Every structure is written in C-alpha cells, then in structure tokens.
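S.K.: Listed below, chain by chain, are the residues.
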Amino acid sequence: MADQTIPVTVLTGFLGSGKTTLLNRILTEQHGKRIAVIENEFGEIGIDQALVINADEEVFEMNNGCICCTVRGDLIRILGNLMKRRDKFDQVLVETTGMADPAPVAQTFFVDEEVQRHFRLDGIVTMVDAKHVALHLDDSDEAQQQVAFGDVLVLNKMDLVSPEEADALERRIRSMNAMAKLVRATNANVPIAEVLDVGGFDLKRAVEKKPTFLEPEYPFEWGAVFELPEGVSTLSLGEGADDTMQVVLVPVEGVAEPLKEGPERGVRLWTKGLSAVKPGGLVEPERSVNLDVSSGKPTTFQVRVPRAGRWMLLTEHGGEEYQVRLGTSAPVAEKVYGGHEHDETVTSVGIHLEGEVDGKKLNAWLSKLLQEKGVDIFRMKGILSVKGEDRRFVFQGVHMLFDGRPDRPWGSQPRSNNLVFIGRKLDRAELTEGFRRCLA
Amino acid sequence: MSGVSLFKKPVRRAHLLDAWRFAPSEYPRGLAFDRHGGLVALGAADGQLAVLDAVTGATRWETKLPDSVSTLAFSMSDDRLAVACFDGKTRLYRSDGELLATLPGAKGGWVEWVAWSKRGQLATAQGRVVRLWTSEGQPVLETPPHESTISGVGFSPDGSRLITSCYGAVRLFPLEANAESRTLSWKSSLLSLTPSPDGKVIAVATQDNSVHFWRLASGKDSEMSGYPAKPTALAWSPDSKLLCTGGGEVICGWRFVGKGPEGSEPLMLKGHEQGVTKLVFSPEGLLASGSLDGDVLMWDPAGDPKPIGIAPLGGEAAELAFSPDGGLLAGANGRELVVWKVTRV
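Chains as they are written, first to last, in our numbering: chain A, 1 to 440; chain B, 441 to 785.
Just so you know, the hints here were simulated from the structure itself, not pulled from any lab data.
What you are looking at is a predicted structure, and each value in this text was computed from that prediction instead of being measured.
For each residue, glycine too, the CB sits at the ideal point set by N, CA and C.
Accuracy of the hints is not assured; some may be wrong.
Said to hold, decoys possible - Here are the simulated lysine to aspartate or glutamate pairs, DMTMM-like style, with alpha carbons at most 20 angstroms apart:
| hint | chain 1 | residue 1 | chain 2 | residue 2 |
| --- | --- | --- | --- | --- |
| 1 | B | Lys627 | A | Glu58 |
| 2 | A | Lys84 | B | Glu552 |
| 3 | A | Lys88 | B | Glu776 |
| 4 | A | Lys84 | B | Asp733 |
| 5 | A | Lys84 | B | Asp598 |
| 6 | A | Lys361 | A | Glu334 |
| 7 | A | Lys373 | A | Glu433 |
| 8 | A | Lys335 | A | Glu165 |
| 9 | A | Lys373 | A | Asp101 |
Claimed, not checked - With beta-carbon atoms standing in for the labels, derived distance ranges:
| hint | chain 1 | residue 1 | chain 2 | residue 2 | range |
| --- | --- | --- | --- | --- | --- |
| 10 | A | Glu113 | B | Asp518 | 48 to 56 angstroms |
| 11 | A | Gln116 | B | Gly734 | 18 to 26 angstroms |
| 12 | A | Arg86 | B | Gly537 | 19 to 27 angstroms |
| 13 | B | Pro614 | A | Lys361 | 58 to 66 angstroms |
| 14 | B | Pro506 | A | Lys88 | 52 to 60 angstroms |
| 15 | B | Glu587 | A | Gln116 | 37 to 45 angstroms |
| 16 | A | Glu194 | B | Glu576 | 37 to 45 angstroms |
| 17 | A | Gly199 | B | Arg775 | 40 to 48 angstroms |
Isolated chain A, as found in the complex:
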C-alpha cells in the first residue's frame, strides 16, 4: 500500500534562484514520468504532457494543540482532486513562492490522513542562488528556513562565483543544514535523479543515508598534523580576538587518515577535565586545555611530547587567524572544521551517543522539548537504540509533529544513537545533555 503512494517533490527557493529553469528542465527532459505541477507563481510554464495547476498558497492554522502547526489548505484540496482519477500521475511537483516558509507544505503530509493515503512527501529541493544567497541569508527568515528545510540544496549559478566563494558558501550552508545533499549547478543543470525520488522523508531511507546526514560536526575549527620529536615543543599563537583558546593534542602516528581519525580522538577528550594554562605553561598531551591568550599579544606555551612521531593539534578557533605554530617545522597536513565564521541563527546540531536510551525518558524529553522549542526546531531526524528493542528506532519531525517507528534489527551492528536537529537558536550543549539524560 505504502509503495503505491505518489511521490511529491517540493521546489523552493528565492525569486531568481533558478526554480523555473529547473522546473522547465524536469518537464521537458525525457524521463518517462507523468508529472503534475502545482504552481504558485504564475509562471511561463506551458508543457503539453504535464498537468499544470495554478493555486494560491493558502496557509491554514490547525487547532491540534501545536501552536505552530499550519498546513497548506490549497494543497489538501488539489491533491484531494488529483487522487480522484484512475489515470494517475507518477510524480507531483509543488513549486512554492519565493518567500514561502516550507513548514506548512511539509506539515500537510503529516497532518492529513487522506493526503497520506495517496501521496508521500519525497523531498524538499531548495534552489540557492550562489551569487546572492549570502545577502538573503543575512536578512530573510524565509531564506534561512528554505535552506534549513531542504533535503537537497542546489547551489545554482556557480559560474558566477569564485572557487573560494563557492567553498565558503558550501561551508556556511552546511553549518545551517548538516543533513541535506548539496549539489553544485550552473543554469540549474542538476541531474534530474538528484532532485526527484530523494526519499528525504522516508524513514527507511534516512537509515541508509546515515553517513551523509550525520556528517561530523566538531567543536574545534582547525586541526593540523605535526611531525614532533620526543621532549618539549613550543606552541606559539599570534594575536586573536578571544581571551582563551581551547586546544588538545592527540597522537596520530601510523594512522591512515589522520585528518579524520585525529578529530574523532580529539572530540572525545574535548569536554573531559578541561584545565587552564597560563602563558609559558606546560600543555599535557591528550588533555583538553584552555590556553590563556588574554594579553592580546603573541603568546607561547610548552607542549610535552612523550614520544616522537605524528601528533595532531586541534584548536577551538581558526589556526590561520591565530597563526598557530608548533615545533620547528610546518604542519604535514591541516584542515578547517565546521563553519563558525558566520554565527548563524539557523544551525544544525548533530548528536552521536553510544549506548541505549530509555524509551520513556526519551518520550518525556522529546515531548517537553517540542512543546517548548518546537517553533524553533524546523526539522529533526534520528536513528535510536532503544533499550529492550531489537530494532533500530527511526524518527523524523517537522516543528512539533513527529513520526517514528521501529525499523531493521541491529543484528551484529554496534548499537548507537544518531540524531540531527535543524533550527533556530539551538543550544548544542543543552540538546546533547538533554539527550544524554535519556540514556538507560
């Protein structure tokens, strides 16, 4: 029954981001699918083989106890009419207006059982104008929501930006939405398969896609691998904007991929027994320390290196900004982590915890969280290891609505919990701690 539902793709993005170009491509390209388009901006689309329905976006409030629960009334009505035909469509595309909040569209598929019986929300595709998005993100809630809600973010008009600008944009977008698939495009030339049949709201698919949507997010911004002799090496930091700089040194000798493995080791030590070190003081390896850099001038510290080999230094703030040096030679490798350069109001918080959660505690925590913060939590997804349950518990939500169910058995796979929140004003420490308390 579930497989007979017709997939619905929502196409969102600011005016001029290339929505219409993509829509026209989807409609004209030979893919053998019969598509119904529900269009909200009176566009120039006139394609014979597709049914194009013009509609006003009618956002209706629901009286179901969720203060932020709104649905698209026009969509319920139009989809209700589309299902009353034997000659079914293979795909429905909903184009939103440039300034639309995607939440009511997504919530429509959680709230209306009639719509659920015949259709499934496959994914939200957000077109991003690479040249102008920075401006939009700075002063528009809608632009932030559109990025936050996207299952696929098409960074369009890449020909108009430099490779450096493109990388910076990608980092910024990624910090806001860690679970979306990013696709770079020029003239909306993204492969159709990347935007249709996304499975963004498919709980089973969420499990398959775990590695991408749970791209690690680290509390440090920079890491570098150094070749160090046994003994004491000098760590020097240049002028910076902050009073303290948290760092940790981890061994990566003999490690195949130090830029991946190093941060994994570092993140485990990051919050354990943090101690303060004065200028000139001694930094112990594999200990998270807070360096005093309040003088505002270049500062040096001593680092104890118990054995010769490769070590990785991870720093809270940008290594380039502080001109971090360790020992006498340049780093063998270095990497920038996270995208903290723009302090976004919309962010992603990913939580990974080993162990099993207590179902009751989790339910109580989630209910309270969604009641208090549901307005600010745009989307969430998770795969949980619930005590007493042999199967993975997968769930996802939009604002205060959520849907979860047991999925495949864990089998011999190690049990762990992964969840991602995307939203506004999210407190990473509070969310992580709240979830930690749900552990059985």
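Fit chain B to the known structure of chain A by using the hints.
M.R.: Only chain B this time, still in chain A's reference frame:
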C-alpha cells in the same frame, strides 16, 4: 409531527438488490438522481457526462466535457442539470440533454461546487467567489471574494439565503430584502457544509478532525471533537433530529433533541472495517453509508444500532445517492456505478 421516529415501526432488514451497473470511462465525479427519480446523472474525471435511465440503466444521453467534471446536481424544481467542470465553466442542461447555457467563470480555476435552491436558483463556486444564476442561466449576483477558497455552498431550505463556507467562516447572504446577512466564525478549515433540512442548524466538518455546528436562532455553536480522521461525511436525517457523521470506521450520530447533542451520548453505528467516506439518508430516514472497505451498509438509526442491510460495492465509495422516493440507491467506486433496488422486509 415531532417525535414521529419514536413511534415508527422499526425496520427489520433492508435488502439491496442489484438493478444495473454502468462503467464510466474514468473515475466517477458527481452522481445525482433527477427530481422524478427517473434519471441518474454521472460525471467522470475525463469529462464524460452520462445520463441514464434510473430503472433500466440505459443511456438516455451522453456528452464529453473538455476537462474533468468536479460535481453535478439536478434541480428539484425544474428539469435542469448543472455540471461543474475543471475548465472553469458550469454547463446547464435540460434533463433531455439540451445544453441551455454555458455559465462563464474566471479563467484557469476549477468550478468545485454547485447547488440548487428550492426556488430554482443555481449557485456555482469557483475559487473565492460564488455566483448565483437563474434556472435559465442568467446571472443574478456574485459574492465578494472570500478570504480563502470556497469549501462548500448551499441554500436555506426556503431558498431565501445563500450559504457559503471557507477557512474561518460560514456566511449567509440574503437573497431577499428582509433577510439579514450573517457571518458565523470559527477559526478552522471548514469542510462539507451541511445545513439541516429544517434550516435551523448549519453543520460543517473541520480539518481538525471535528464537527462544528451553529444553531441559527440563538447563534450558539458547538465543537464535537475527538474523531480519528476528518469527518467529511455528514448527513442529516429528514426530520433534522439526527446528524450522522463519518470519518473513522464508526458512524457517529448526534441527536438534536432536548438540550442535546451537547452533553449527550452520541449514537455509535459500528459495522464498517475502514473509514466512512459517504453518508446519505433516504426520505424515510434510512441511512446508507459508503466506506473505504468497499461495502455499502444500510442502517435504521431510529431502531437498531446494527446494520440492517449490506451490499458489496467492490471498491472505496466515491459517490452515494438515494432516489427521491428512496426506492433506489446508487453507489460508485473508482470504476463502476452500481444501482440497487431497496426493499424492506
């Protein structure tokens, strides 16, 4: 006349005997008997319009509209059939098939609702506007645009008021000088506008899985919530004493007697295995229900809370209608129209 149902001899069984079947060329959209009970009109999603002999099923006349039929209705005072279409127009036919008028609408929007008044006036709803026409297709009036798309249209029983519903409000427009205009507000998406036959109560279903109703005399309104699904199937008994509502498997009947239905236990009619999609009353007060489970059940709500008749429809009920005398019941699933003769034993 009140209290008649209490003394009525309970019906033991209602048999539904297959009379005839008809296969439309696409999904059925709109089903109605004419006022004499001699004709059945059926529309379809490809624009097919078939008018059939109610007794034999023979095609009396047939035509093809340029786009999907959304709904249709026979006048109860003239031999007129109104057919609403996705092409934005409403076609007005004489019962013998002659096209009397093609009523224009705004470009690009579906005409979604049509209704006839007892005085023979026709209301058509397209987008946010309702237009009123004479039985010859002459325009009478056009409402101002509503704040959202019209979700239902109807008339008071005497035809003195036009009634509309949309998000947040039911509105009554006076069609004669001394009638007042009224707005009944309820902040919700209002569906399935269903005035009671005596004109005293207006009931709607809501997107919030509830039924809301207003008593026009006092202006008092009530919200009946807790339905497992949108209760979009609403039907009043002919005596206006029972409002049957369906959304889930159980049909819930609200009794408008005494101080009820507020604070009273509803009548629960259990028999369907899946959600109820259609409810219709016969003039004698028998209830027929259609459901996603593919069965049509018959009930005597004044007697037994158990079904008194059953007939397989073979697919989810898309349309359901009684003939004016209650002697025939027509039901359509996605592929086929089935007409039964109703016999009571």
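S.K.: Does each hint hold? Answer for all of them.
M.R.: Okay, the hints, checked on the actual structure:
1. B:Lys627 to A:Glu58: holds, 14 angstroms
2. A:Lys84 to B:Glu552: Distance ~13 angstroms between Lys84 of chain A and Glu552 of chain B Cα, so the pair holds.
3. A:Lys88 to B:Glu776: Roughly 17 angstroms between the alpha carbons, so the hint for Lys88 of chain A and Glu776 of chain B holds.
4. A:Lys84 to B:Asp733: holds, 17 angstroms
5. A:Lys84 to B:Asp598: The given pair, whose Cα atoms are some 33 angstroms apart, is violated under the 20 angstroms limit.
6. A:Lys361 to A:Glu334: Violated. Lys361 of chain A to Glu334 of chain A sits at ~41 angstroms, over the 20 angstroms cutoff.
7. A:Lys373 to A:Glu433: holds, 15 angstroms
8. A:Lys335 to A:Glu165: Given pair Lys335 of chain A, Glu165 of chain A holds - Cα atoms ~17 angstroms apart, limit 20 angstroms.
9. A:Lys373 to A:Asp101: holds, 18 angstroms
10. A:Glu113 to B:Asp518: 48 to 56 angstroms: violated, 40 angstroms
11. A:Gln116 to B:Gly734: 18 to 26 angstroms: Hint holds: Cβ distance 20 angstroms, inside 18 to 26 angstroms.
12. A:Arg86 to B:Gly537: 19 to 27 angstroms: Given range 19 to 27 angstroms: holds, Cβ gap about 26 angstroms.
13. B:Pro614 to A:Lys361: 58 to 66 angstroms: holds, 60 angstroms
14. B:Pro506 to A:Lys88: 52 to 60 angstroms: At 21 angstroms between Cβs, range violated.
15. B:Glu587 to A:Gln116: 37 to 45 angstroms: At 27 angstroms between Cβs, range violated.
16. A:Glu194 to B:Glu576: 37 to 45 angstroms: This hint is violated: roughly 57 angstroms between Cβ atoms.
17. A:Gly199 to B:Arg775: 40 to 48 angstroms: Because 31 angstroms falls outside the window, the suggested range is violated.
Of the numbered hints listed earlier, those contradicted by the structure are 5, 6, 10, 14, 15, 16 and 17.
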